[in-house]
Amino acid sequence: MSGWPLDPFGKAVSARGEARLAHPADTPLTRIAVFGGIYSNHRALQAAIEDARDRGAQAILCLGDLGAFGPSPDRTVEILRNEGIPVVRGNYDDSIARGLEDCQCGYTDPRDNHYARISYEYTLANTSPRHREWMTGFPYRIRFRLGELDVLAFHGSPRRMNEFLWETTTPSHFLEGMATQEGADVLLGTHTGIHWSRALDGGRWYVNAGALGRPANDGRQEVWYTMLEVDPAGDGRSLSAEFIPVSYPVDLLADEMRDEGLPVEFIETIRTGWWTTCLEVLPGKERARGQW
Amino acid sequence: MARIELAVLDDAPAVGLQALDELWFQVAGTVCNLRCRHCFISCSPENDSFWFMSREEVAQALEESVELGVKEYYFTGGEPFMNREMEGILADTLALGPATVLTNATLMPQRRARSLAQLAADSMYTLELRVSLDGITQEMNDDIRGEGAFRRCMEGVEALVEEGFLPIITCMRSWPEEDTEHYLEGFRELLGEVGYHRPRIKILPPLLMGEEAERTRGYDETERVTQTMMEGFDESQLLCTRARLVTARGVYACPILLESPSARLGNTVGEAAARPASLKESACYTCYLSGAICSNTPSSAGRDR
Chain G
15 MSGWPLDPFG
25 KAVSARGEAR
35 LAHPADTPLT
45 RIAVFGGIYS
55 NHRALQAAIE
65 DARDRGAQAI
75 LCLGDLGAFG
85 PSPDRTVEIL
95 RNEGIPVVRG
105 NYDDSIARGL
115 EDCQCGYTDP
125 RDNHYARISY
135 EYTLANTSPR
145 HREWMTGFPY
155 RIRFRLGELD
165 VLAFHGSPRR
175 MNEFLWETTT
185 PSHFLEGMAT
195 QEGADVLLGT
205 HTGIHWSRAL
215 DGGRWYVNAG
225 ALGRPANDGR
235 QEVWYTMLEV
245 DPAGDGRSLS
255 AEFIPVSYPV
265 DLLADEMRDE
275 GLPVEFIETI
285 RTGWWTTCLE
295 VLPGKERARG
305 QW
Chain D
216 MARIELAVLD
226 DAPAVGLQAL
236 DELWFQVAGT
246 VCNLRCRHCF
256 ISCSPENDSF
266 WFMSREEVAQ
276 ALEESVELGV
286 KEYYFTGGEP
296 FMNREMEGIL
306 ADTLALGPAT
316 VLTNATLMPQ
326 RRARSLAQLA
336 ADSMYTLELR
346 VSLDGITQEM
356 NDDIRGEGAF
366 RRCMEGVEAL
376 VEEGFLPIIT
386 CMRSWPEEDT
396 EHYLEGFREL
406 LGEVGYHRPR
416 IKILPPLLMG
426 EEAERTRGYD
436 ETERVTQTMM
446 EGFDESQLLC
456 TRARLVTARG
466 VYACPILLES
476 PSARLGNTVG
486 EAAARPASLK
496 ESACYTCYLS
506 GAICSNTPSS
516 AGRDR
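Just so you know, the protein sequences line up as chains G and D, in that order. Using my numbering, read the first sequence as starting at 15 and increasing by one per residue. Using my numbering, read the second sequence as starting at 216 and increasing by one per residue.
Hint data in this document are derived by calculation from the structure and do not stem from the laboratory. Do not rely on the hints blindly, as some may be mistaken.
[Unchecked claim] If you anchor each label on the Cβ, the simulated ranges turn out as follows:
(1) D:E392 x G:P143: 51 to 57 Å
(2) G:E236 x D:V281: 47 to 53 Å
(3) G:N96 x D:S330: 55 to 61 Å
(4) G:R234 x D:R326: 34 to 40 Å
(5) D:E354 x G:G233: 57 to 63 Å
(6) D:A463 x G:S252: 43 to 49 Å
Remember, predicted model here, so these are calculated numbers, not experimental data. C-beta atoms are modelled at their ideal positions from N, C-alpha and C, and glycine is treated no differently.
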């Protein structure tokens, strides 16, 4: 089900690192589950896959950032590999694959940098070489057709893997210009960790799939993924983007994080639903909704 | 010596605009109610070399900006709230995208903070107030920003926080870099006293120009960006590859180079967007070293590595 492969690399990956989801010709894709940053939360990932199956997703797509705050990064990678879920390259994956010195989030705040460093160094040290090698093959962008809509999936923005597109800092005209430039009906990204969507002109959409790795800074323990659907009975161009909360055994993940010696601040976030680190990049409105 | 200087200037690189992500407005010109000793464009109550922009002038540039795909709008001066049309200007802007105002917060009575909060609530975009505060004590701040500035600024911050804003407190670093943590702690304590318990604080490197050059030192001749320095350099770190500044007297390469005639790139945003910016000014060297310090977050800059 989830294992709709990408076209083999070398044939379909363009010079810009773009791939296409391979479509069986006789099975139009109309319902796809989309996962944002996993951040090594393998328990939420497992729960989300089961939930997406129960809801009849034809395919699952991951938008990248497999590692970060959580424990034992290989567990997340192994689930994705076993399921054959295609992954768009996130900044974290790019850094881990290439062994860069940081996660490319660009923090300047000393406190944010402190925790980002702990998280990154832990993930880099605990991701096995063969999984790092696998990540080097992640495309920057994946295109697919959903009903009659052309969808362009990426991590941050179509132009930059690590660009933050927040709801309150991203003008509609900016997104519409990007959709026109890319010839896409739906722009589909993540990177910020908070899900949102907006209808654009001409029946087009921007959708931020949110993150499975940590809560959405909303005081709830659930994490979120997105179900994109086009009604097959209609003209194939009417999109529904549903954000779906996922419950998972938070206590078990917290125990694992503690056993791995990860900071209590990371554990506090999954327990309380409030972000405690990586706060600098939040715009004022999003930050004011949180507790820290 | 003169020949060497000339050679260096001739060699100054120029960079084109990659995308017009930020549009800045010199909305109060060079008019300010304060007379800070470190001001890089020497703003003051008497400096009218750049005058206020009208709401109509701003609206024209905003209209142009939509087609150009601008992502964020910034307002500076002088002191933006010296402009009587500022709230109307912000209403027009927030209908299109996010707005950031660089202010000294000394003209921020509760009723203004409240009406700004209303403007923010009415928009789907964020309204950021970036407040300049240059010390953790009255003495330290007022030595730079003038007598009474500290107290009035703290009152302004308190009013903003009371209305639900999380202002970005910016401070020009006037201490050795290794002491920064000490000062950050001082700011957190100070801001806590007016009810701001999770402050956003941004420390800026000093720009050695304008009043600051008089106060400390100017740039020396070797502090220039050269062609060689640009090899392998991530150009998107430079604000002029992503932004332009609109003033009442034309459109400039960046908000720092207001007094450099060569930085004036056109009469309209479109004209200025089409022309490359020269990096011959000494302030370009600070931007080169420190990255785009003028933006709210570094993450709005930078390319993938």
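Range hint 57 to 63 Å (beta carbons of D:E354 and G:G233) holds or violated: The hinted range 57 to 63 Å is violated for D:E354 and G:G233, with Cβ atoms some 41 Å apart.
C-beta pair G:R234, D:R326: status relative to the range 34 to 40 Å that was hinted: 36 Å, holds
Range hint compliance [Cβ, D:A463 to G:S252, 43 to 49 Å]: 47 Å, holds
Range agreement (Cβ of D:V281 with Cβ of G:E236, hint 47 to 53 Å): Violated, at about 37 Å.
Consistency of beta-carbon spacing, G:P143 to D:E392, with hint 51 to 57 Å: 38 Å, violated
D:S330 and G:N96 - C-beta distance against the hinted 55 to 61 Å: 57 Å Cβ-Cβ, so the 55 to 61 Å window holds.
In terms of the numbered hints stated before, the structure departs from hints 1, 2 and 5, listed from lowest to highest.
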